[in-house]
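2 protein chains.
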Amino acid sequence: MKLTLEDIGRLAGVSRSTVSRVINNQPNVHDDVRANVLEVIERTGYAPNAAARSLVSGRSGVIGLVIPSRVHAIFEDPYFSRLIQGISAASNSSGNMLSLFLFQSAEEETDLYPRVVKAGFLDGLIVTATRMGDPLLASLTGSDLPVVIVGRPDTGGVSYVDVDNHDGGVKAAVHLYELGHRKIGLLGAPVSTTAGLDRLNGFVQGLATCGMALDPKLRVDGDFSESGGYEAMQKLAKQRPDAVFAASDTMAFGALRALQEHGISVPQDMAIVGFDGMPASEKSIPALTTIRQPVAETGTRAVQVLNDLISGAASAPVVEILPVELVVRQSTDSTAPALGGRR
Amino acid sequence: MKLTLEDIGRLAGVSRSTVSRVINNQPNVHDDVRANVLEVIERTGYAPNAAARSLVSGRSGVIGLVIPSRVHAIFEDPYFSRLIQGISAASNSSGNMLSLFLFQSAEEETDLYPRVVKAGFLDGLIVTATRMGDPLLASLTGSDLPVVIVGRPDTGGVSYVDVDNHDGGVKAAVHLYELGHRKIGLLGAPVSTTAGLDRLNGFVQGLATCGMALDPKLRVDGDFSESGGYEAMQKLAKQRPDAVFAASDTMAFGALRALQEHGISVPQDMAIVGFDGMPASEKSIPALTTIRQPVAETGTRAVQVLNDLISGAASAPVVEILPVELVVRQSTDSTAPALGGRR
DNA sequence: AGGATTCCCGGGAGCGCTCCCAGCGAATAT
DNA sequence: ATATTCGCTGGGAGCGCTCCCGGGAATCCT
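Protein sequences appear in the order of chains Y and B. For the first sequence, my numbering puts the final residue at 330, and the numbers step up evenly by one. For the second sequence, my numbering puts the final residue at 330, and the numbers step up evenly by one.
Derived from the structure by calculation, the hints contain no laboratory data. Please note that a few of the clues may not be correct.
A pair counts as met if it fits within one copy or between any two copies, since identical chains are not told apart.
What the hints assert, rightly or not - Calculated lysine to any residue pairs in the SDA-like style (CA-CA distance at most 25 Å, straight line): (1) Lys105 x Gln226; (2) Lys105 x Gly(-4); (3) Lys270 x His249; (4) Lys(-11) x Ser302; (5) Lys(-11) x Ala39; (6) Lys225 x Asp208; (7) Lys105 x Ala(-1).
Start from the sequences and build out the full structure, keeping to the hints where you can.
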């Protein structure tokens, strides 16, 4: 019961070629004939064979999404959920299929290139969460496969889509300064990630434009996790800053937990700004002021850029930086009723 | 710079066919020749073209994972993260590629069948989180594509892998009974899901074996979410049960929050058993007694069953039920120091 | 009116692979 | 000694599709 172009042609009284033209929406087919062929296709439920099509066209209609090994602990991070949803939605609507590559080990990772890429299985690749000096990235950029990185990579020459982490840092610093805070601390993200680095640099620059500098004693770095934020704030709290920029919402939640245990009220005793704009940030107590990044849109844009690269509409390194937005909530609103701190 | 079998053959001084035999590990190739061919392949970095291979063999080496539209709100549920990881790991190690289908709308869903399945793009399909009476499921079982459902579907004749939700309900009931509780309530999962139904039925049966019945007034259903658990417990708390089985950890967390607000201590005033065994369940305060289900293993088994179905090693409806396990922690340990309740 | 153009349509070629069969030399059986 | 088998190898056929080219009919031009 496997239908081919030839079968459809026979049923419609035309040739293989004409059916092909109809399917691919090509011109030079008489309207009556086109309608008839379409009717037969509809009636028989015919769908062209993907392998045959891909063999001759050189296109598979599949894009890959790579999430490297080390991310597994973080995989429950809502960030990835939203990112995957954005990417999935965009590839669905652009007629692509999405192949997911989660790697448990470095071997699986080095396996990717020959088994998948060289086999011509993919039209393009989106890579997330690259480390600094990621070897996968190097092997990928050497090939002629279109690749888009989500997040700024530490090497040039490759296309990427990122949010404006630097500007987010600036915005956080300026916001805290404008609220009157002068002893402003940083609960940093790992500087082994470009996101962590950019947020740090932006924050420092933001302070600088306000005529301030970041006191090294007021900076403790975490690892993006809730417990990392908790532990970092344990140390930071001793210095008693009157405001802190936590470079991720999740770390901010950990920080809030630590502050609660210390009996330090937010925002009365200390103002907190997070980064991410996670849904949970508006439900925390107090609701978290944060730098919202458009995660799903980042995924969407990555797919669009990749499609441009594949179709040849764009070439070589395309860079796209999406804006972030300051969302002010209770955690930096000192006029708010005292909801924070001990409950 | 695209290499073909013929190229490799020329370089190795043999024919296309011999190279093919070497690549596919077939017999009847002289050892010297085999070694030589292998050397050429290694040196040139040749990888056989996936499309051509799939065209003639009828196999794509790709399995699909479908997550229907309605799940999006729940997608951040750690359950799906762990499931996806299990499925991904198993398909990686079985030499398959994984294609992810997240649907935002019903249209995308109905689109799946023609565009992907009939195109022969997939060797098999894993479907999660089916609803009762899911139309997708019906259209899929009608085809000859191997399909495995994760979670018990409401129709027969289809292969599935599930955890023993029923036994989990029994274990929860018996555990609470054995601790001496006699006014035992249920914070149920939606009975529009087979998981919710099975947990309910198991719970009722577990009580029955202890000579008890579930008082309808002591049963309130939630929707798997934290806030659903919170609201359900608001109602349930008025009846003052001395023990409650929450049919998911997430709901149990919501319930704990509600109880905390009411000043009801866990486990002193009320014992709580959850269901899932999420990582967060050991970090909650108090640590949650729960029915642990092997989520990643469920995914792994689904892939294995699917591969058996694809290879023909198994046929038609294969059913696999994985055991669950009671994990006792503070939330049902009345001898524990009073950590629960108001902090 | 006759030739050039345009619009449709059909069939050959070939994408890179696997499968099948024929051939060939060497080893074994009769 | 010839007949039979077996291990190994090469090449033809064909998977279902797209692309290209050529032919026939309808339309256009001067």
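Tested hints:
no., hint, in the structure
1, Lys105 x Gln226, "neither (55 Å within a copy, 64 Å between copies)"
2, Lys105 x Gly(-4), "between (35 Å within a copy, 18 Å between copies)"
3, Lys270 x His249, "both (21 Å within a copy, 19 Å between copies)"
4, Lys(-11) x Ser302, "between (39 Å within a copy, 21 Å between copies)"
5, Lys(-11) x Ala39, "both (13 Å within a copy, 18 Å between copies)"
6, Lys225 x Asp208, "within (15 Å within a copy, 45 Å between copies)"
7, Lys105 x Ala(-1), "between (39 Å within a copy, 20 Å between copies)"
Violated hint for the displayed structure: number 1, the only one.
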